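Trainee: Let the sequences and hints guide you as you build the complete structure.
If you read the sequences in order, they're chains A and B.
Quick note on numbering that gives the first Met the number 0: the first sequence kicks off at 0 and runs consecutively.
Quick note on numbering that gives the first Met the number 0: the second sequence kicks off at 0 and runs consecutively.
If you're looking for bench data, these hints aren't it; they were derived computationally from the structure.
Incorrect hints may appear among the rest.
As the list claims (entries may be wrong) - A partial selection of chain B residues facing chain A, derived with a Cβ cut-off under 8 angstroms:
| hint | residue |
| --- | --- |
| 1 | R16 |
| 2 | M19 |
| 3 | K59 |
| 4 | V67 |
| 5 | P69 |
| 6 | A80 |
| 7 | I93 |
Unchecked claim - Below, computed lysine-lysine pairings styled on BS3-like, alpha-carbon distance capped at 30 angstroms:
| hint | chain 1 | residue 1 | chain 2 | residue 2 |
| --- | --- | --- | --- | --- |
| 8 | A | K5 | A | K252 |
| 9 | A | K252 | A | K483 |
| 10 | B | K59 | A | K93 |
| 11 | A | K60 | A | K260 |
| 12 | A | K111 | A | K34 |
| 13 | A | K257 | A | K34 |
| 14 | A | K257 | A | K111 |
| 15 | B | K89 | A | K338 |
| 16 | A | K358 | B | K89 |
| 17 | A | K34 | A | K93 |
| 18 | B | K89 | A | K34 |
| 19 | A | K111 | A | K66 |
| 20 | B | K89 | A | K274 |
| 21 | A | K260 | A | K483 |
| 22 | A | K5 | A | K34 |
| 23 | A | K355 | B | K89 |
| 24 | A | K289 | A | K253 |
| 25 | A | K111 | A | K60 |
Remember, it's a predicted structure, so these values are computed and weren't measured experimentally.
C-beta: ideal position from N, C-alpha, C; glycine also.
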Amino acid sequence: MSFIFKTAAEMSVALQAKEISAVDLANEHFDRIAKVDDDVHAFLYLDKEGALEQAKSVDAKRAAGEKLSPLAGVPLALKDVMVQRGIPTTCGSKILENWRPPYDATVVTRLKEAGIVILGKTNMDEFAMGSSTENSAYGPTHNPWDLSRIPGGSGGGSSASLAAFEAPLAIGTDTGGSIRQPAAVTGTVGVKPTYGAVSRYGLVAFSSSLDQAGPCARTVLDTAMLHEVIAGHDPKDSSSIHAPVPAVVSAAKKLDVKGMKIGVVKELSGDGFQKGVSERFNEALEELVKAGAEIVEVSCPNFEYALAAYYLIAPSEASSNLARFDSMRYGLRVGDDGKRGAEEVMSLTRQAGFGKEVKRRIILGTYALSSGYYDAYYGSAQKVRTLIMRDYEAAFTKADVLVSPTAPTTAFKIGEKANDPVAMYLNDIATIPVNMAGIGGMSLPCGLASEDNLPVGFQIMAPAMQDDLMYQVGGTLEAALNSKWGAPLMSLAPALGGK
Amino acid sequence: MAAISREEVAHLARLARIEMSSDELDHLASEMDQILHAVDRIQEAASADVPPTSHPLPLKNVVRPDVVLPSLTFEEALSGAPDSDEQRFKVPQILGDAG
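Mentor: This is the structure we're talking about:
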């Protein structure tokens, strides 16, 4: 059997045992990408040359007996919002088409130092604004479970690359659910760590107080292994946490939740949640009870305002962050005929370079921050943020972790919600509170919905700085479900024929 | 509070330095109306005594030692510039009347 269907942990063992070289493993993945990515469109750019060079260097070091990181030689797909030196970084936008960053993000530096082989850059909603990857200026990504459906967003390229076995590891970023919701709808695992756990240096900013990069993979253990590579303090990011990274790999291997209290958030269920999603979620809870956990119900009454607060705070910060795309120092410049002034060129460039959703959010943010409306909108949203944090504080006195379905529905059809921004925003209803409070959140698969046979995500939320708890609960649940099903959920994913 | 006029959207687009066609303005005005309607109830959520939160971490004045470290060369810094001249970014006219 080809190595591409193995987990990253298994690939790591095979590489160490010299059953396969890093170069061969990278080539197997490039072959797979060549076979299926015309259908899936997970990647915007492939860096075959750089990947094979890195793989070759890992093989040489291994042959020389050097001590290597556990993931050395394992391939990875990088969301196109992370800058990588010399490699086109577009953020899914025309305004950055053909831009090649002159430096590496800290996450990229750490991946390279760990010997991880970066295959290429993955598709995303423009500037990470969206829940379907339909907002990419370079066309949508297709869900490997059903090519007519969305792979989630904004990190749909990363989640689809995992579900299509084009890469065993991926990097995502999560501002309101952009790691967890794509994981949920593709049957993969994604973690948004505690805010500040992973450096934002070199992550193109959307909403700075909410943005957080994190690991994605097909298993909880693989996700934990990647987490330990990318997390940790970085002096280049002033909001980076100055504390040791929790031992997430050993937590993922614990497989024990005896005596743990698991809080079901009352407000993240019921109306608006698809029947098959609720069914699979409740069955997963039963597995946790069998494993010795105690289920308690908690109430977070202010969560009902989280979505509204998010759609004021995130656009407000975005309207400021995206002011840097001004056509002066990098990226697109339109209409510079030697006669027009800088402001006119700037306005024409931003008209041509930004897509619909990005313009919508910049205008919304500009409105929410403008005098006369600031207190009513941005000010109120910041207060709601306080109330959400208080809800979590109270809930975590009753439970060690909190749980909910990750997304209210399974993957919808491409185009189905494209013309209804408010309906699209509802996809993030269960993931947004985590970002507002800066705590950690994980999504892992808990089965297929009965109506449509599509993956359902189970969300675990842990207090800030205690990301290990999500891995402990997630690892235990994954093992229980795999033993119940007889095989991981991904083994049911349709074979992709490709060209 | 919702209900936003086409003129207001045009003003916001000017503030945000985004040129917009007449069609774009029409479309956006109606969408903004829907979105503002959906977020409007935020105002009833919090009373005046709730302090605002701008950031999830209690950080203040994070500084690092003032040490010169290697940084980008002129060539690297200008590598993505739409236009450059004599190790500087070259931009369209910024003062006075254009043209």
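Trainee: Now tell me if each hint is right for this structure.
Mentor: Consistency of the hints with the structure:
no. : hint              : verdict
1   : R16               : 5 angstroms, holds
2   : M19               : 7 angstroms, holds
3   : K59               : 10 angstroms, violated
4   : V67               : 14 angstroms, violated
5   : P69               : 11 angstroms, violated
6   : A80               : 6 angstroms, holds
7   : I93               : 4 angstroms, holds
8   : K5(A) / K252(A)   : 18 angstroms, holds
9   : K252(A) / K483(A) : 18 angstroms, holds
10  : K59(B) / K93(A)   : 36 angstroms, violated
11  : K60(A) / K260(A)  : 46 angstroms, violated
12  : K111(A) / K34(A)  : 26 angstroms, holds
13  : K257(A) / K34(A)  : 45 angstroms, violated
14  : K257(A) / K111(A) : 38 angstroms, violated
15  : K89(B) / K338(A)  : 14 angstroms, holds
16  : K358(A) / K89(B)  : 26 angstroms, holds
17  : K34(A) / K93(A)   : 27 angstroms, holds
18  : K89(B) / K34(A)   : 44 angstroms, violated
19  : K111(A) / K66(A)  : 15 angstroms, holds
20  : K89(B) / K274(A)  : 58 angstroms, violated
21  : K260(A) / K483(A) : 22 angstroms, holds
22  : K5(A) / K34(A)    : 18 angstroms, holds
23  : K355(A) / K89(B)  : 29 angstroms, holds
24  : K289(A) / K253(A) : 16 angstroms, holds
25  : K111(A) / K60(A)  : 14 angstroms, holds
Of the numbered hints listed earlier, those contradicted by the structure are 3, 4, 5, 10, 11, 13, 14, 18, 20.
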